[in-house]
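Protein sequences appear in the order of chains A and B. Residue numbering for the first sequence follows the working numbering, starting at 8 and increasing by one per position. Residue numbering for the second sequence follows the working numbering, starting at 367 and increasing by one per position.
These are calculated hints, taken from the structure and not from any lab test. A couple of the hints might just be wrong.
Label-pair restraints from in silico Cβ distances [as the list claims (entries may be wrong)]:
id : chain 1 : residue 1 : chain 2 : residue 2 : range
1  : A       : Pro58     : B       : Ser412    : 38 to 46 Å
2  : A       : Ser122    : B       : Ser412    : 36 to 44 Å
3  : B       : Ser375    : A       : Arg44     : 24 to 32 Å
4  : B       : Gly496    : A       : Asp67     : 27 to 35 Å
5  : A       : Pro81     : B       : Gly433    : 41 to 49 Å
6  : B       : Gly410    : A       : Met8      : 45 to 53 Å
Chain B stretches covered by chain A per the calculated footprint, using a threshold of three residues with CB under 8 Å from any CB of chain A [said to hold, decoys possible]:
id : region
7  : 418 to 424
8  : 450 to 460
9  : 479 to 485
Ideal Cβ positions, reconstructed from N, Cα and C, are used throughout, including at glycine.
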Amino acid sequence: MTVEQRKGWAAALLQGHDFSGQNVDAIEKLLGRCERRIYQKGAVICTEGDPGEALFFLVDGSIEVQKAFPGTVPRELAVLNAPAMFGHMSLVDGSKRSATCVAGDTTTLLVLEKSSYEALMEDVTEVGTNFRRLMLTSLTRQLLAGNMRLRQALGGFEINVKGEVISATEQLTEDLLNDELLEMAGILEGWTVDASGFSEIVLVEDEDMKRTRESEQNKR
Amino acid sequence: MFDDRQILSRLYLFREVSSSALMQLCSVAPPVQYEAGAEVFRQGDSADSALLVVEGRLIASVQGSGGEKIVGDSKAGEIVGETALFAKEMRRGATVMAAEPSRCLVVDRQLLNKTDGNEALAAIERHLLGTMARRIRKTNQTMQMVWKEMTPSEPTEPLDAPSLLQRLGSLFKGKL
Chain A
8 MTVEQRKGWA AALLQGHDFS GQNVDAIEKL LGRCERRIYQ KGAVICTEGD PGEALFFLVD
68 GSIEVQKAFP GTVPRELAVL NAPAMFGHMS LVDGSKRSAT CVAGDTTTLL VLEKSSYEAL
128 MEDVTEVGTN FRRLMLTSLT RQLLAGNMRL RQALGGFEIN VKGEVISATE QLTEDLLNDE
188 LLEMAGILEG WTVDASGFSE IVLVEDEDMK RTRESEQNKR
Chain B
367 MFDDRQILSR LYLFREVSSS ALMQLCSVAP PVQYEAGAEV FRQGDSADSA LLVVEGRLIA
427 SVQGSGGEKI VGDSKAGEIV GETALFAKEM RRGATVMAAE PSRCLVVDRQ LLNKTDGNEA
487 LAAIERHLLG TMARRIRKTN QTMQMVWKEM TPSEPTEPLD APSLLQRLGS LFKGKL
């Protein structure tokens, strides 16, 4: 991969990310520390529950994100399109992979290994600073979007003075609540940030989700 | 300033940071003193900075429909209001007051730019990442517990809507 190619990807990653001191050249250098890997359609990049030893920059192609809560069948939660960053949560706090990621097309990833990540965390040059702030911008979005979604979910309840639920809107039936929780978990883990986020993410809608959306729209 | 540097050097997050870097941090942003009872942030105000508590204790409260509720406190080494740094047009989600005489380092965009290349700033950024990741994890874990409670196939705990509500409520009261 050429410097020019990396610069293009760096600019795309930074688009819409307003953080202090952002610098395309620094992000280009960051991408230069990654290993380029090409995956064929259907190849599994990481598996939910596995330890995470790397983070990924998606620069070409797409990723299908599948997720399950413990004991459930994995469901397609989102599709990531380039440019996007994913798999970073495992490196930030050592947690296991929160979802399974499968290449949706022939897909190019730039892979940042854990050892490089750790070096970047200590790096006081512009490369380290830009990397940390890119991560902080992403985590801030995850937190804010997750909190907003929770507020919406909570808005479905009415309680009396004793704190007992006196009514819940119909969308909070059990199945739909499960969908909501799964979606919230996805948001918090960085899979489904809105269009101003890292990537244009298309939520894959199943029949239940479609009905919820339509009933919400009708209520408005 | 010597005192400020010394106080900062006692914080765990700065354990490996050189004194010259802490000195530079203090010269650009000397920690601010708050008397007990002083208001630090007010709920609803526009927000563009975070506070690192250096000494003392801050207390956060939220004004809701049921009156004012204390939702959390922050001691030395903890960060408050951090989502304001990397998002636009943020408002304070809680009112924060000094519970006792306190000193705080104000982390704003100006500080981020002025102290580029400073190892103390890198330590603050790592600390911010850890703080946010913990909040994200905590929220997610609570949601998974809620999910388990809501699963009919698990007979251990009956469906308990008020508890669900309380759990969801406790998640973001103090965290916004």
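Taking the hints in turn, this is what the structure says about them:
The hinted range of 38 to 46 Å is satisfied by Pro58 of chain A and Ser412 of chain B, whose Cβ atoms lie roughly 41 Å apart. The hinted window of 36 to 44 Å between Ser122 of chain A and Ser412 of chain B holds, with their beta carbons roughly 41 Å apart. Between Ser375 of chain B and Arg44 of chain A the C-beta distance comes to about 43 Å, which lies outside the given range of 24 to 32 Å. In this structure the hint that Gly496 of chain B and Asp67 of chain A lie 27 to 35 Å apart at CB holds, the actual value being about 32 Å.
Separation of Pro81 of chain A from Gly433 of chain B is about 44 Å and conforms to the stated range, judged on CB atoms against 41 to 49 Å. Remark: the range hint 45 to 53 Å for Gly410 of chain B to Met8 of chain A is upheld by a beta-carbon distance near 48 Å. Counting residues of the region 418 to 424 of chain B whose C-beta sits closer than 8 Å to any C-beta of chain A gives 0, which falls short of three, so the coverage hint is violated. Requiring three or more residues with a Cβ within less than 8 Å of a Cβ of chain A, the coverage given for the region 450 to 460 of chain B holds, as 4 such residues are present.
Counting residues of the region 479 to 485 of chain B whose beta carbon lies closer than 8 Å to any beta carbon of chain A gives 5, which reaches the threshold of three, so the coverage claim holds.
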